[in-house]
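Undergrad: Kindly generate the complete structure, drawing on both the sequences and the hints.
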Amino acid sequence: MKKLLLASAAALALASTATAQEIKIGTVVGFTGPLESLAPDMAGGSELAMSEVNASGNFLNGTTVVSVRGDSTCIDAAAATAVAERLITSDGVSGIVGADCSGVTSAMLQNVAVPNGMVMVSPSATSPGLTTVEDNGLFFRTAPSDARQGVVMTEVIMDRGITSVAVTYTNNDYGQGLADSFAAAFEAAGGTVTLVASHEDGRADYSAEVGALAAAGGDALVVAGYVDQGGSGIIRAALDSGAFETFVFPDGMVSSALVENFGTEIDGSFGQHPGTDSEGAAIFETLAAEAGFDGTQPFAKESYDAAALIMLAMQAAGSTAPADYAGKIMDIANAPGTPILPGELGKALELIAAGEDIDYIGASAVELIEPGESAGNYREIEISGGEITTARFR
Amino acid sequence: MDFLNAIIALLNFVIVPATAYGAQLALGALGVTLIYGILRFSNFAHGDTMAFGTMITILATWGLQSLGVTAGPLPTALIALPLGIAATAALAVGTDKLVYRFYRQTKAKPVIFVIASIGVMFVMNGIVRFVIGVGDQNFADGTRFLISARDFREVTGLDEGLAIRTTQAITVAVAILAVVALFWFLNKTRTGKSMRAFSDNEDLALLSGINPERVVFITWLIVAALATTAGVLYGLDKSFKPFTYFQLLLPIFAAAIVGGLGNPLGAILGGFLIAYSEIAVTYAFRKVVGYLGPEGWSPEGMLQLLSTDYKFAVSFTILLIVLLFKPTGIMKGKSV
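Sequence order for the protein chains is Z and Y. Sequence positions in the first sequence follow the working numbering and run 1 to 394. Sequence positions in the second sequence follow the working numbering and run 395 to 730.
No wet-lab data here; the hints were simulated from the structure. Wrong hints could be hidden among the right ones.
Unchecked claim - In silico DMTMM-like cross-links for lysine to aspartate or glutamate, where the CA-CA straight-line distance does not exceed 20 Å:
(1) Y/K705 - Z/E200
(2) Y/K705 - Z/D205
(3) Y/K705 - Z/D219
(4) Y/K491 - Y/E607
To be verified - Pair ranges (Cβ atoms, derived):
(5) Y/A707 - Z/G129: 26 to 36 Å
(6) Y/I509 - Z/T163: 53 to 63 Å
(7) Z/E260 - Y/G520: 25 to 35 Å
(8) Y/F496 - Z/G129: 34 to 44 Å
All C-beta atoms in this analysis are idealised placements derived from N, C-alpha and C, irrespective of residue type, glycine included.
TA: Have a look at this one:
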């Protein structure tokens with residue numbers, strides 16, 4: 001009798017685990033390394049989406065999701081590869097949110113995720129190289145490629161009637177990638193790029209660099225650099241020598257330090273950086289504050305959206321196997337369907353279960369374009385009266 | 395043909411910046427050449443001596459600014475400069491007592507001195523970074539421009555602007571004053587003459603009763619003053635960062651060697667030669683040539699000999715050429 005009871009209890013326990021299943025999703029960001037200040041809020045965003053899904057109880061017949069954290073280190077490809085190995089083979093995750101930096105993301109994708117057929121959704125890798133990487137349809141990103149910024153910057157400049165610019169970029173992958181994509185887009189749009197020249201960060205004096213740019217001419221100078229580094233030096237030298245008066249600032253330059261350094265001297269200059277004024281952003285920031293992290297930090301919104309997309313796609317496919325749900329991510333993210341904002345994941349799961357279409361908007365106004373990356377939303381800024389002002393969003 | 399605009403473009407981008415830079419290099423090279431002439435070694439710590447003096451001056455400038463003391467249209471750093479010089483003199487003399495005197499007494503070979511000075515360089519390097527950090531420090535205040543490009547264009551109606559920064563004018567003025575004072579000292583005063591005698595022939599100088607320790611002491615004082623002045627002027631004109639001061643060592647040495655090591659006039663000549671070459675070789679002459687050519691025509695290429703990334707290569711190349719063909723330098727210094 002006792003044995004029978006025990007056996008039935010065990011059977012019951014087994015049965016209950018079978019219905020209320022638990023799956024794991026990896027959250028791989030650089031908890032150590034150059035982006036460590038952003039990592040906690042990015043992980044917070046990803047895990048907020050998971051707890052929201054768990055609280056709703058609507059996910060795949062009550063399945064719960066657990067986050068498994070991994071440290072991408074941002075720069076050490078070998079360490080990031082090892083972490084991805086561990087998550088897939090030992091922890092048995094069903095999808096990965098990450099990684100954060102482009103280099104390690106590419107290493108994890110090619111060395112581990114693709115061979116193992118694992119889906120990766122990166123919230124912050126922006127290198128144009130990831131657009132063309134061989135990913136078997138397994139890689140997505142909720143951050144726009146820098147190539148996209150080149151196109152947006154072209155539109156921003158052309159809309160102001162400027163057709164001839166000089167470009168200077170900081171001599172690294174970011175600067176070069178952005179400068180190249182911008183120059184290609186600007187020339188394709190009929191503009192003239194008089195010169196594309198690099199500058200080294202950390203020099204005391206940039207008058208020689210500015211001399212060359214001035215000789216090339218142009219109505220404005222595009223400064224694809226860092227505001228805390230050579231970018232400001234270039235602007236200082238250009239202003240001092242009267243070489244340029246209008247500057248175009250991509251994301252590395254738009255910061256309060258810019259107006260602290262130059263004030264009204266750069267009035268009339270403009271630029272753009274990733275940003276959105278969508279309803280979802282404000283909702284997410286409130287949710288994040290309640291959950292105890294800072295939702296205004298860069299890429300926290302994109303992390304929430306990355307995790308949400310994975311789970312919604314699983315729901316749509318009715319399966320947690322990457323091969324089944326990878327194809328659903330694009331459908332979930334784009335129209336047609338009911339728009340879904342942060343905090344509405346429960347409703348979204350219900351709609352999907354009922355067989356209805358959804359259009360996931362989320363915290364960062366996600367719109368995925370082929371081959372699975374964010375179209376990107378940019379805030380166009382203008383310097384007026386020594387302040388950064390929002391001109392519009394595009 | 396638009397001769398005026400061509401001249402202004404050349405002035406604005408080549409001649410004015412190169413003159414200021416040349417004055418800074420000349421002051422730095424004078425310090426190196428004095429050490430070489432009198433103490434007979436190449437002082438690799440010179441760049442970091444400049445950084446140390448500038449750092450003290452910056453700290454004093456901040457102190458003065460917080461007390462509300464400024465020099466009106468001139469940079470406050472000029473008031474703080476004497477303090478920087480005093481502190482650097484103390485450091486230089488202290489280093490001499492602690493390090494170089496030992497090697498002088500043991501009559502060490504010059505190469506030993508050079509290596510000791512590299513050690514000193516690293517120590518000073520560390521001190522500066524420890525105290526003020528590795529980042530950029532901007533300490534220029536007062537009026538920024540003597541003539542700004544925009545004003546110049548409005549007044550003259552030319553297409554090209556000419557900007558002369560206050561710091562550039564101060565650099566040249568202070569450099570002229572310092573050089574005049576130095577030459578007066580070396581040629582007219584008793585101490586200066588004894589220094590020259592010591593430099594020309596040490597044994598003869600000792601026989602005639604010149605106190606070597608006193609000569610060395612005075613040399614360090616002058617070198618500290620020159621290094622601090624050069625460093626502060628460079629920092630005012632550009633910006634202060636310990637690493638760029640370390641990098642300045644190369645053009646400064648090139649200037650001193652090209653001019654003739656041990657020859658003060660040569661150091662000044664070398665400073666300007668290096669500065670003008672660095673800037674002229676990396677400048678794109680397209681606009682200037684465009685103005686000189688027929689109306690509406692401009693050259694296809696940039697007419698730039700070398701990309702600005704190769705600025706330092708210019709000093710290296712000049713150094714190599716001079717060492718190959720005229721090892722004693724243009725003004726006949728001591729051979730290296």
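Undergrad: Does each hint fit the structure? Answer for all of them.
TA: Hint-by-hint comparison with the structure:
Taking the CA atoms of Y/K705 and Z/E200, the gap is about 12 Å. The hint holds against a cut of 20 Å. A C-alpha spacing of about 11 Å is found between Y/K705 and Z/D205, which places the hinted pair at or below 20 Å, so the restraint holds. In summary, the hint linking Y/K705 to Z/D219 is not supported, as the alpha carbons are separated by about 27 Å, beyond the 20 Å threshold. A threshold of 20 Å between alpha carbons decides the hint, and for Y/K491 with Y/E607 the separation of about 10 Å falls inside it, so the pair holds.
Separation of Y/A707 from Z/G129 is about 31 Å and conforms to the stated range, judged on CB atoms against 26 to 36 Å. In this structure the supplied range 53 to 63 Å holds for Y/I509 paired with Z/T163, their Cβ-Cβ distance being about 59 Å. Remark: the range hint 25 to 35 Å for Z/E260 to Y/G520 is upheld by a beta-carbon distance near 30 Å. Between Y/F496 and Z/G129 the CB atoms are about 58 Å apart, so this pair departs from the stated range of 34 to 44 Å.
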